[in-house]
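Read off the chains here:
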Amino acid sequence: MTTVEAPVGVGRRLLAGPTTGRLDTHLGLHGRPPTLDAHQLVEALRAAGLTGRGGAGFPTYRKVEAVLRAGRTPVVVANGAEGEPASSKDRALLAYQPHLVLDGLQLAARAIGARTAHIYVGAQAAEDIEAALSARGVGLDPVPVTVTVAPEAFVAGEASAVVAAVSGRPALPTDKRMRIAESGVGGAPTLVQNVETLAHLALIARHGPGWFRSAGTADEPGTFLATVSGAVHAPGVVEAGYGVRLGDLIDAAGGPTTQLRAVLIGGYHGGWVPARPGLEVSREGLAPFGASPGAGIVFALPVGSCGLAETARIAGYLAGQSAGQCGPCVNGLPRLATTLGDLAQRRARPGLTAEVERLAALVSGRGACRHPDGTVRMIRSAMQTFEADVTAHLAGQCLEAGVRA
Amino acid sequence: MTVNRLHVDWTACDGRGLCAELLPELLVEDDWGYPVSRTGETEPAVPRQLQSAARQAVDRCPALALRLVQR
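Those sequence lines, one after another, are chains A and B. Here the first sequence is numbered in the numbering used here, starting from 58 and rising by one per residue. Here the second sequence is numbered in the numbering used here, starting from 820 and rising by one per residue.
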């Protein structure tokens with residue numbers, strides 16, 4: 058895991074300064090965090106326009122408001138499970154700047170009146186966090202923090218799976234008849250926030266919403282952490298403002314190793330977009346392709362690699378990552394993956410593409426979590442971005458066969 | 820205004836298909852016997868004339884996976 062230089066003109070924030078994870082360097086650089094009350098927290102988040110960095114991009118102040126509306130003592134959970142194979146930004150953040158995450162967790166917990174806080178991370182990050190916690194003490198952490206190790210599974214980071222795991226149950230998504238903001242850990246109103254979101258909060262509390270908005274776009278303010286991988290010279294974690302050009306993000310990761318065929322943005326639940334250097338990485342810029350920055354994953358596919366084969370491979374992986382609880386997901390995702398496999402392997406038959414779309418529509422919205430919906434988003438974007446490849450495959454040809462990377 | 824809607828707990832549903840038999844106006848079975856909303860809504864709205872049939876479907880679901888919710 059490496060971090061690389063941010064694109065020109067985009068200063069680092071979360072990854073500013075030394076990345077030793079030490080408390081003294083953290084306090085030397087940032088000072089002690091201020092204390093906010095509930096009203097100040099909501100107003101700061103609203104004015105900053107901070108959105109969740111775990112993938113869904115929901116406005117953070119609205120989640121806080123929903124928890125406050127429940128009117129009972131809440132619980133806060135920092136989520137760094139990062140079950141997405143193409144993502145390592147949360148691990149990088151937890152290793153390099155654990156104190157920003159813990160500051161943000163305390164700020165949120167104190168402001169909303171929580172008496173317990175949790176941090177839920179992979180086994181390796183759990184060691185970094187335990188070390189960071191023991192260096193801090195009650196002065197910096199008046200609300201006690203419990204560390205829970207997240208299993209390595211794609212859906213283990215889904216909010217209801219997070220609540221289940223920190224409650225001592227298997228890390229599986231649960232039915233959403235009740236909202237987590239109303240009834241989560243131990244039945245308490247629960248605020249689940251991605252660790253990067255909390256780290257941004259720690260900086261917004263110190264420097265204010267105006268400072269936060271000086272990066273990114275007016276509609277999508279601030280910076281985000283991106284994990285850039287695939288056909289690039291220096292794969293790693295990059296920090297950039299929303300609206301950054303796709304080409305600049307890829308250049309920040311050492312630049313492409315060869316000509317690129319397409320880019321998967323937002324992760325395995327994200328979307329395939331054409332490899333246009335000028336494409337703006339923002340919700341607005343990616344919407345025409347059914348994609349969004351999501352949790353900041355950027356995977357570069359080189360020429361000579363078939364996008365449909367890669368899509369079928371990812372669909373197969375996602376089918377295997379079903380928690381095995383919901384019928385439409387358990388049955389539908391493997392069927393989708395094998396149908397895509399037929400397309401990728403040029404086993405053409407009448408109605409093959411219509412069958413992909415029928416199955417995609419069939420599994421959408423029919424599960425305890427959005428795993429089927431995310432899988433469908435990725436597949437639909439592939440059918441659009443690789444439209445010419447689909448036509449060629451139906452005719453028994455592959456556009457990338459024999460193309461040298 | 821809130822309306823009565825059918826909510827399926829997909830972690831509990833095992834696709835027996837009783838609900839689709841009792842509420843053919845709202846539900847059909849998919850390729851594997853699990854209920855699909857005819858309207859495409861995730862939680863289909865229950866019109867007034869189907870309220871009692873919907874309640875019966877909820878009460879008879881062997882997996883206790885079907886509920887009426889107000890949203």
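Don't take every hint at face value.
Just a few of them, taken from the derived set where beta-carbon distance is under 10 Å, the chain A residues facing chain B [said to hold, decoys possible]:
#1 Pro91
#2 Leu93
#3 Gly225
#4 Arg226
#5 Leu229
#6 Pro230
#7 Thr231
#8 Asp232
#9 Arg234
#10 Gln382
#11 Gly384
#12 Pro385
#13 Arg392
#14 Ala418
#15 Ser421
Sample of chain B residues with no beta-carbon within 10 Å of chain A, all distances over it, derived [as the list claims (entries may be wrong)]:
#16 Asn823
#17 Val855
#18 Ala864
#19 Ala872
A few chain A positions that, by computed beta-carbon distances, are all more than 10 Å from chain B [stated by the list, open to error]:
#20 Asp81
#21 Gln97
#22 Arg172
#23 Gly179
#24 Ser339
#25 Gly373
#26 Gly389
#27 Gly453
Think of the hints as simulated: they come from the structure by calculation, not from any bench. In this text, a Cβ means the ideal position worked out from N, Cα and C, and glycines have one as well.
To see whether the hints hold, each was checked on the structure:
1. Hint on Pro91(A) is violated. Least Cβ distance to chain B is approximately 39 Å, over the 10 Å limit.
2. This hint is violated: Leu93(A) has a C-beta 33 Å from the nearest C-beta of chain B, more than the 10 Å allowed.
3. The beta carbon of Gly225(A) comes no nearer than 18 Å to any beta carbon in chain B, farther than 10 Å, and the hint placing it at the interface is violated.
4. Hint on Arg226(A) is violated. Least Cβ distance to chain B is approximately 12 Å, over the 10 Å limit.
5. A distance limit of 10 Å between C-beta atoms decides the matter here; for Leu229(A) the minimum to chain B is near 8 Å, and the interface restraint holds.
6. Against a cut-off of 10 Å between C-beta atoms, the interface hint on Pro230(A) holds, since the closest Cβ of chain B lies about 8 Å away.
7. Checking Thr231(A) against chain B: minimum C-beta separation of about 7 Å stays under 10 Å; hint holds.
8. Interface hint at Asp232(A): satisfied, since its Cβ lies 4 Å from the closest Cβ of chain B, which is below the 10 Å cut-off.
9. Against a cut-off of 10 Å between C-beta atoms, the interface hint on Arg234(A) holds, since the closest Cβ of chain B lies about 6 Å away.
10. Because the smallest distance between the Cβ of Gln382(A) and any Cβ of chain B comes to about 4 Å, under 10 Å, the interface hint for this residue holds.
11. Interface restraint check: Gly384(A) against chain B, minimum CB-CB distance 4 Å, threshold 10 Å, status holds.
12. Among the interface hints, the one on Pro385(A) holds; its C-beta lies about 6 Å from the nearest C-beta in chain B, closer than the 10 Å criterion.
13. Proximity of Arg392(A) to chain B holds as hinted, the smallest CB-CB distance being about 8 Å (cut-off 10 Å).
14. Taking 10 Å as the C-beta cut-off, the interface hint given for Ala418(A) holds, the closest approach to chain B being about 8 Å.
15. Nearest Cβ of chain B to the Cβ of Ser421(A): about 9 Å, under the 10 Å cut. The hint holds.
16. A cut-off of 10 Å between C-beta atoms confirms that Asn823(B) is not in contact with chain A; the least separation is 14 Å.
17. At roughly 7 Å, the least C-beta separation between Val855(B) and chain A is not larger than 10 Å, which violates its mark as non-interface.
18. Under the 10 Å C-beta cut-off, the non-interface status given to Ala864(B) relative to chain A holds; the minimum distance is some 15 Å.
19. No beta-carbon of chain A is positioned within 10 Å of the beta-carbon of Ala872(B); the least distance is around 21 Å.
20. Chain B leaves Asp81(A) outside its interface by the beta-carbon criterion, the shortest separation being 47 Å against a cut-off of 10 Å.
21. The beta carbon of Gln97(A) is kept farther than 10 Å from every beta carbon of chain B, the shortest such distance being approximately 32 Å.
22. Residue placement check: Arg172(A) keeps its beta carbon more than 10 Å from all beta carbons of chain B (closest about 30 Å).
23. The beta carbon of Gly179(A) sits about 24 Å from the closest Cβ of chain B, which is more than 10 Å, so the claim that it is off the interface holds.
24. No beta-carbon of chain B is positioned within 10 Å of the beta-carbon of Ser339(A); the least distance is around 28 Å.
25. Against the 10 Å criterion, Gly373(A) stays outside the reach of chain B, whose nearest CB is about 19 Å from its own CB.
26. Against the 10 Å criterion, Gly389(A) falls within the reach of chain B, whose nearest CB is about 8 Å from its own CB.
27. Against the 10 Å criterion, Gly453(A) stays outside the reach of chain B, whose nearest CB is about 28 Å from its own CB.
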